[in-house]
Amino acid sequence: MTPTDNETGRDTGPDTGPETTIQGEYDVDTIHVAPAIELRGISKAFGPVQANKDISIHVAKGTIHGIIGENGAGKSTLMSILYGFYKADAGEILISGKPVTIPDSQAAIAAGIGMVFQHFKLVENFSVLENVVLGAESGALLAPSLSKARRELTSLAKEYELNIDPDALIQDIGVGMQQRVEILKALYRRADILILDEPTGVLTPSEADQLFRILRRLKEEGKTIILITHKLREIMETTDTVSVMRRGEMTATVKTAETSPEELAELMVGRKVLLRVDKTPAKPGPTVLEVRDLNVTDAQGVQRVKGISFDIHAGEVLGIAGVAGNGQSELLEVLGGYETATGTVTVNGEQIDLTGAKSDARSRRERGIAHVPEDRQREGLIMDFHAWENAAFGYHHDEAYRSGLLMNNKAIWQDTEGKMERFDVRPPDPRLAAKNFSGGNQQKIVLAREIERNPELLLIGQPTRGVDIGAIEFIHQQIIALRDQGKAILLVSVELEEILALSDRIAVMFDGQIMGERMASETDERELGLLMAGVTDEKGAA
Amino acid sequence: MDFLTLIQVLDSTIRLALPLLLACLAGLFSERAGIFDIGLEGKMLFAAFFSAAVAAMTGSVWLGLLAGIAASMVLSGIHGLASITFRGNQLISGVAINFLAAGLTVLIAQDWFQQGGRTPSLMGAGRFNPVTLPGALTKTVEIKEASAPMQLYSELLSGHSILVYLGLLCVPLTWWVLFRTRFGLRLRAVGENPAAVDTAGISVVRLRFAAVAICGLLCGIAGAYLSTALQAGFVKDMSAGRGFIALAALIFAKWRPWHALYACLLFGFLQALALRPDLITNLTGMTVQVQLLDALPYILTVVILAGFVGKAIPPRAGGEPYVKER
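The listed protein sequences derive, respectively, from chains A and B. At position 433 of the first sequence (counting the first as 1) the number is 432 in numbering that gives the first Met the number 0, and the numbers step up by one without a gap. At position 229 of the second sequence (counting the first as 1) the number is 228 in numbering that gives the first Met the number 0, and the numbers step up by one without a gap.
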């Protein structure tokens, strides 16, 4: 197809089929040339699972195109097909109007596609420069390649405002910078189309804003960007058009300006979703958890938690916000009973052991502390074990689960069936291995196990990581319901939106310290974002 | 201990360190690419037998060397097939190779030569003989009389087999390949994060096979050296744990070529000391049991493997088969 810049093209429709409708429907003025990427009827099945069903998509040059959908909706599969990881069972890929086949990543790179993966593909102990050059060397000897790349990086830095120290080691720079390296890698390979998969998962709000500035800049320079995310806010703020995927199908493609988060959520889930958590103001009771001067030093001798103190009252959710790796995980581990610490922690006025035999998870459970760990697949569940076995872990000493010396499997089984029903676990089959449930249903199993013990204090880390929107809604309701029963809840999440939605009070952790504490009703993302970035709290740390 | 004795001990050090060094560099290539290889021992043994056997049959040590390298590379191929292609457990594959080599060598030796699992003694062109560097003295009497620098030159530097010089050259060569070439960059990357290599459009499988092949090549030379240069013929289990000592040296060296040389020289020195128990007695006035001296390198190995020598971080993707994700 030849590029055409006449306006009438939109009315009469250009000569290629699917574009006609899209251009006609969406009236995008920028489309005068062949789309950067066009997919026609892409299908891909893994065994009986149809990951992608007849997907057609049309991404205009020089735009930011969002792809949104729940986990398992097929977004990643689709992008993997574009990047040559999988071969589509059927369908066509057109780049700038020309049909291409992408059998491997090399071909994708050659076609001008650059990919920034959710988990960065960087060599940790290599320098920025070496990572950029890897796979795109100009000859058998390194020195010329490296000096060429150094020159190129300088000019890219100027062109796109992507400054970076080329000699820094990846392991020494922050995730925001690492992501920048991934973008530079793609640009160095002359990518015109940049695909970013869940790029903000690991970033602070200000880092995310910076990323979006970079993306807009890239767009101005004529690059095409595909942004895959499940965060509605990002889609609304940055994209020009957005495609929604559900259960392997493309359910809609709309102009961002003409849609709303509510509409997108409905398109994603297939029914109306409550995006806001409905809750009444908290009625805090007496203090349940009292933490004073808590210090945690890890096995490498690094101090992870530095003398923090806080309280949680009955009937209250305290949210701990912060970028991952600032001591929140260690805090949960100490309170959950599998990390030692110094300091004082009391539950309902009674001190709990932070070291020694009585500092283990079982003792904690006996003291009424339930724990939904951050990494449910490694700490919350045994993935190869059945749901009914997982539903009893940690409480398998319980009288109700025992008959004499033996486990009373029948009782556990029945209890699991009840839990699965009450927590809407799908499929409700206790015999299914944990790994065969979706992320949201795995989390529901853990949640059911911990919440139904009626704990005094619930520790919950990343409650909705890798959980789809429908299940998020349910999990959030359960947490609030527990609060309303007068229980204390410690919520750790890297999702600021989640913290703001659920918490009554919010403490922000940075570098093992609490940078500040705010009432949820009196703060916003901007203020919390500053605290998360370590900007000192002028009101003084709590 | 006089100067000449010291030089003699150092001379033995070099001779004994060499097979360790070659095996250590072999392991370095393999492990830097993310393939753990505890089959160094077996490959050396296999190569030792086949070089001695072929050298004995043909009378040419060079054909023997080639046969040794080929034999070692066959085992490397098996290891590669098991751990790269079929994504098996690298330790188990390595153990299997060690057993295979220990058994097969003796079995074939008995079948071919009927000398109780040995090969016939190698003579003349069937061995790698010492190379005398230009101007070096060869007669013991003359060396004794010579000046110190001449003693150093004639005794320590001259008079090794060609494989020793080749092996020592491998150290800078390995360093250069690893840190100055595109292949080296990719090799190191694939041992740290194969996904980074894969998404850059480079074949992880091909890179790892290349590394394993180099490992086989170097192990082959090491084995050939054992049976055709250090000794004159193959005997059962003649590698005597050198493959494992080389692994310890590799950890000690933290997977760096020059440090590998130093580590192997240290082990070689301990082995050389064990050959001269009289020296210890003379120096310290105490009689140290020979068995204790013999055990020293192995004791050091255990100490190193137990992690007493600083923190050694192996290549991050080491030991794990690469499975494409997403």
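Derived by calculation from the structure, the hints in this document are not laboratory data. Treat each hint with caution, since some may be false.
When the alpha-carbon atoms are kept at most 20 Å apart in a straight line, the in silico DMTMM-like pairs for lysine to aspartate or glutamate are as follows [to be verified]: (1) Lys120(A) <-> Asp236(B); (2) Lys323(B) <-> Glu233(A); (3) Lys323(B) <-> Asp103(A); (4) Lys310(B) <-> Asp103(A); (5) Lys230(A) <-> Glu265(A); (6) Lys323(B) <-> Glu123(A); (7) Lys218(A) <-> Glu236(A); (8) Lys310(B) <-> Asp428(A); (9) Lys278(A) <-> Glu496(A).
What the simulated footprint calls covered on chain B by chain A, stretch by stretch (three residues with Cβ under 8 Å from a Cβ of chain A suffice, anywhere in the stretch; the number is not a length) [said to hold, decoys possible]: (10) 128-137; (11) 207-215; (12) 261-267.
Quick caveat, the model's predicted, so the values are computed rather than measured. Glycine included, C-beta positions come from ideal geometry on N, C-alpha and C.
Do the hints match the structure? See the list:
no.	hint	result
1	Lys120(A) <-> Asp236(B)	violated, 44 Å
2	Lys323(B) <-> Glu233(A)	violated, 29 Å
3	Lys323(B) <-> Asp103(A)	holds, 12 Å
4	Lys310(B) <-> Asp103(A)	violated, 38 Å
5	Lys230(A) <-> Glu265(A)	holds, 14 Å
6	Lys323(B) <-> Glu123(A)	holds, 19 Å
7	Lys218(A) <-> Glu236(A)	holds, 14 Å
8	Lys310(B) <-> Asp428(A)	violated, 47 Å
9	Lys278(A) <-> Glu496(A)	holds, 15 Å
10	128-137	violated (count 0)
11	207-215	violated (count 0)
12	261-267	violated (count 0)
Hint check: violations occur at hints 1, 2, 4, 8, 10, 11, 12; the rest are consistent with the structure.
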